[in-house]
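Enquirer: Top line first, the protein sequences correspond to chains A, B, C and D. Numbered per the numbering used here, the first sequence spans residues 9 to 358. Numbered per the numbering used here, the second sequence spans residues 9 to 358. Numbered per the numbering used here, the third sequence spans residues 9 to 358. Numbered per the numbering used here, the fourth sequence spans residues 9 to 358.
Hint data in this document are derived by calculation from the structure and do not stem from the laboratory. Just so you know, not all the hints are guaranteed correct.
If several chains are the same, the list does not tell them apart, and a pair holds so long as it fits within one copy or across any two.
Derived lysine to any residue pairs resembling SDA-like cross-links, with alpha carbons at most 20 Å apart [as the list claims (entries may be wrong)]: (1) K48 / F280; (2) K240 / S269; (3) K48 / E284; (4) K240 / R314; (5) K48 / D108; (6) K282 / M223; (7) K282 / E352.
There are 4 protein chains.
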Amino acid sequence: MVRVGIINVTGYAGAELARLLYAHPQARLTSVSGRSAAGKPLAEVFPHLAAYDLTLGEEIGDVDFAFSALPHAASAEALAPLVRAGVPVVDISADFRLRDPQEYARWYGAEHPAPDLLSRAVYGLTELNREAVRSSRLVANPGCYPESALLALAPAVKEGVIGPDVIIDSKSGISGAGRALGLAYHFAEANESVSAYGLAGHRHLPEIVQELTAMWPCLPAGTARAEAPQPKVTFTPHLVPMTRGILSTCYAPLLPGAVQSGEQARELYREFYKGEPFVRVVDSPPATKQVAGSNMCLVHPTVDPRTERLVVVSVIDNLVKGAAGQAIQNMNAMLGLNETAGLETPAVYP
Amino acid sequence: MVRVGIINVTGYAGAELARLLYAHPQARLTSVSGRSAAGKPLAEVFPHLAAYDLTLGEEIGDVDFAFSALPHAASAEALAPLVRAGVPVVDISADFRLRDPQEYARWYGAEHPAPDLLSRAVYGLTELNREAVRSSRLVANPGCYPESALLALAPAVKEGVIGPDVIIDSKSGISGAGRALGLAYHFAEANESVSAYGLAGHRHLPEIVQELTAMWPCLPAGTARAEAPQPKVTFTPHLVPMTRGILSTCYAPLLPGAVQSGEQARELYREFYKGEPFVRVVDSPPATKQVAGSNMCLVHPTVDPRTERLVVVSVIDNLVKGAAGQAIQNMNAMLGLNETAGLETPAVYP
Amino acid sequence: MVRVGIINVTGYAGAELARLLYAHPQARLTSVSGRSAAGKPLAEVFPHLAAYDLTLGEEIGDVDFAFSALPHAASAEALAPLVRAGVPVVDISADFRLRDPQEYARWYGAEHPAPDLLSRAVYGLTELNREAVRSSRLVANPGCYPESALLALAPAVKEGVIGPDVIIDSKSGISGAGRALGLAYHFAEANESVSAYGLAGHRHLPEIVQELTAMWPCLPAGTARAEAPQPKVTFTPHLVPMTRGILSTCYAPLLPGAVQSGEQARELYREFYKGEPFVRVVDSPPATKQVAGSNMCLVHPTVDPRTERLVVVSVIDNLVKGAAGQAIQNMNAMLGLNETAGLETPAVYP
Amino acid sequence: MVRVGIINVTGYAGAELARLLYAHPQARLTSVSGRSAAGKPLAEVFPHLAAYDLTLGEEIGDVDFAFSALPHAASAEALAPLVRAGVPVVDISADFRLRDPQEYARWYGAEHPAPDLLSRAVYGLTELNREAVRSSRLVANPGCYPESALLALAPAVKEGVIGPDVIIDSKSGISGAGRALGLAYHFAEANESVSAYGLAGHRHLPEIVQELTAMWPCLPAGTARAEAPQPKVTFTPHLVPMTRGILSTCYAPLLPGAVQSGEQARELYREFYKGEPFVRVVDSPPATKQVAGSNMCLVHPTVDPRTERLVVVSVIDNLVKGAAGQAIQNMNAMLGLNETAGLETPAVYP
């Protein structure tokens, strides 16, 4: 049994890690921390976790594997000694996602706390980066929006069927904003309302751009430039009145001759994701409810023949495939376990 | 591995059975039926169950254990041959809950389809009826409202601390109404609204009265009548705009000298439910979200000292402890398995 | 045109007053205050009120009529000088509801800030207290729960058809908790959940008891005691996941021979509320959606013949009939205007 | 007083017309029809409209003005005799929106029932077509999605600042699907879920394309083609779990040199909508809650400088500005009344 610790279990991602680990056959949660609630039993902080007999500490104890669910900056600070001590970790915060510390400083408003560790970090979108994850001891778990957008776009980008004009329109449930209070997440304000936010630039944008750029395979047909194109990504997140789930609708121009129909697009996607346990290409537009509580991502690519655009809809549970489930999937890969261990239960529907 | 069948998997209770059985270590779902969708793959009817490789039949095939999630009347008809053939079954419909076939006819508007089997049936509220369930091959799964009300009231009734004037005010999520369409369950009608219904008498009332009467232990202190009192129960169900969950608030007069405070009440309840894996007596008023997706029932008894009343609040997930989870708990007990098998995952919160 | 001011417009009750006054034919909102937002345009604080050209002040200016939507204690302090200066006011806070300052101190945890004014205050449930409201210059607007419960129970109490064992089980939308942040009102916590609260005694309980006691007409049939009974009220509020609305389900024993059926009860209620513009006795159980945004209260009395109990269901919009609408109705009565002025628009359905 | 009739009052658009007309100072609803409920009082069909003393007929009676809220095809059939008799009408259905009857047949799957009347019809987006509406007696009320998208895009199109590559991503509350039952609108299915639909082509697309094409002013800078461009529009509607509201997020490439910043874009939009009572250009991203129940449209244009795209977010209440309110605004314009009559009340917030 792998002894697992969660640093800062008191937010939604931390609690979700604890929930999912409860059913893990080869890992056991043995240590949890959370400063605001240090000294309290986990069962008191989260009544749904009453089956655990654990008390929150200021720090986690001796473990074989650690997750950090701290906010950015604090997370890198807390993880650095563990990484240096050789403990394998997954960081759910944003601290090790951007490879360029200047880009980090630009978007997160502070110097990176441990820039020397950036080169060891692997971006943990397991489906797209499996070998690197397997051999890493420091995995940066993707942001929830990038997770949904990259899984929706990767096959089209890597197979060279779309041009670089990408628009990502994402709709998220409100748990994505975390457990900290705010007027925008006050029930009477958020309920019965949809709003856009982050129009001036959301922190998940550079992460999406970094990963799309890295996977862009070659030149679009007919161009003469010497380099692969920088994808031109507009990303607009929206809050919708539900607790869990992200649906991303992604738009990009089809390159001439590439793909002619939704059926062809789905065939290409099915081939790309063949054998993946957590990505399923579906023939009808999916709903977030179909993945609630589970680690599945459903992807539905289609073609708008009137405008020759690829339109891809993807759905995930932002707290599972968009956070804690993806983190456990990464842990499994890093430790050589079955990648689906602890993550096999179906979605909770309806 | 026990081979399990679900008769009529196409409603919410049936789908929930399939979801929960997926994680059961000693049972395997091998056969599902559903007339309207016979011939279709289960994965097409319910995308969240895509991990199953099963096709719906007109009838279920050869199994070691069967659940029926058919509507009442149809359920008894479908189960009768199985029962007579010795196959152990749990009926999720109401057909075998009321012991008196005339009472059944009065509330369900039709003759009972198999009155000869009534004497074999056991009321499957495992916590209150464990030995009988263990030795039965025909278990009537409780209704969702009775489940929440009886677990809230049983300790007070059996320990003789309350008088017979009982009021049960229940609030249910809308999945309790099933998957069949109706204007009252149309999103734009049900959302942002609370309503009472069944004021003229809900079908779960005779079930509650039957079970409370059976458990009433003796005379209330100070009376001289020769018989145990018939509980005088008013039961009002309400629809609230959420998908899952029932919260029941139960009121009854305290008998003199019985219990003086909420603390004493909770002590009595804790003693009563000692060792029960699926009932937890809690010190704060519980919320339905704390049990969503799980088989837990949280019970919070308290005392209104101004009026000398016991007030008990209980919460369950209507589709789990109020239907499919309770049914699997019964199956486990009937088959001599660990009662918690397949039912151990924590609630999905938030 | 009556010049109206709102003290502390920044909460939900204050904003709702401003919304409703916009359509008032004889009153004009000319002054609004709110310390946290003083100096800001009302249109900036509340985009839905952009049609107003008003700026929030530290205090309200010179007005003919004032509403206070301050929290208790602060409200009485702010209103005292106005009352002494002869300005007619409606207080939406609890400060002038309880006639006994010791009872106030017990429930609100502080000395009453202006006990000398209590004798001038009238409890502003207009339907039950119209003449006193008309001749008062200091009206205490009822709490939202008492409003719904008293309108549901008054006819039965005043006509002497029920005994004193009263249970009130109320379900409220979350705007009732106000605009101040709290974990219980955080969207991801409150959504998809029902919970009870205030089981140890909610501040609206003494208000309900005071008013029921005052209206209890005489002795129940067959008793020999020298005084009217003190009603024995248990009141349990619940939070349900919607923004607006309260549904109260009220239970009381029918006195022998009083009322035999729901039809008779509704006849009695119809007679009682004859001519009332804002109370309608309905033949089917009402839903809160039917009154959203409006000043209507729907009341549905029925009889449980099995237990000889009266069961009454009432619905209001907690921010309108439970706060701002009731306050304007009181203003209309105090100023000799048509009581329905500004309050005639139908509910917003669906 | 204008005597007004509503043909088919039994759906949400019809009921909303009745709600809004109740407060109209110069129009009185005198006749309502609805075949399924003919003979029933309006107060029985819709309890929130109990203030009306009207009974539904098979047909409407003699009126000065008629609205049709029938489904397409039936609507044109019912309106044709009224139009021919000279009664001014607004059609809320799609029947008179598309000018080309072949396009109508393609998208609606049937021959147009009254193609001879198409030339008399005016597209009733009052803000963009005021003079034509004023002089017309047959106005086609816009679809809810086109309403939100066209108000968001019109200033940019007419002022020539964007190229033709337009993407419209719309999120709608579920009342937009109407009152007819369907599994996708069943509460337990729609709640806590977001989904895309109409990916193969929604019927509102040709309407959007027709109107955008008509308003495209001239050539984009730098092109040499002889004709105005055909806008290349991809439109994706989504269902979000709320009752009312549409938020549309619209994306288009900025033409070089046109607009450099969000501030410039908002300045241009403010100039364009100067004096419009029902369109407000806002500096922060708007939320649908800010317009619930009202006829307002809030528009927030912004610029993504990284990709040189215009991104415009607009919000409306789909049943008001997207249906009944827009229809009354059209009636006001057609009859020479103040355009805001009956439509001035602020949104119901929260």
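Enquirer: Next, verify each hint and record whether it holds.
Expert: How the hints compare with the structure:
In this assembly of identical chains, the alpha carbons of K48 and F280 never lie at most 20 Å apart, being 47 Å within a copy and 27 Å across copies at closest. In this homomeric assembly, K240 and S269 come within 20 Å of each other (Cα to Cα) only across copies, at 17 Å, whereas the closest approach inside a single copy is 24 Å. Taking identical chains as interchangeable, the C-alpha atoms of K48 and E284 are never at most 20 Å apart, the minima being 40 Å within one chain and 24 Å between chains. Taking the shortest alpha-carbon separations for K240 and R314, only the inter-copy value of 7 Å comes in at or below 20 Å, while the best intra-copy value is 22 Å.
Taking the closest pair of Cα atoms, K48 and D108 never come within 20 Å of each other, the shortest separation being 39 Å inside a single copy and 42 Å across copies. Taking the shortest alpha-carbon separations for K282 and M223, only the intra-copy value of 18 Å comes in at or below 20 Å, while the best inter-copy value is 47 Å. For a Cα distance limit of 20 Å, the shortest separation of K282 from E352 inside one copy, 18 Å, qualifies, whereas the shortest one across copies, 32 Å, does not.
In terms of the numbered hints stated before, the structure departs from hints 1, 3 and 5, listed from lowest to highest.
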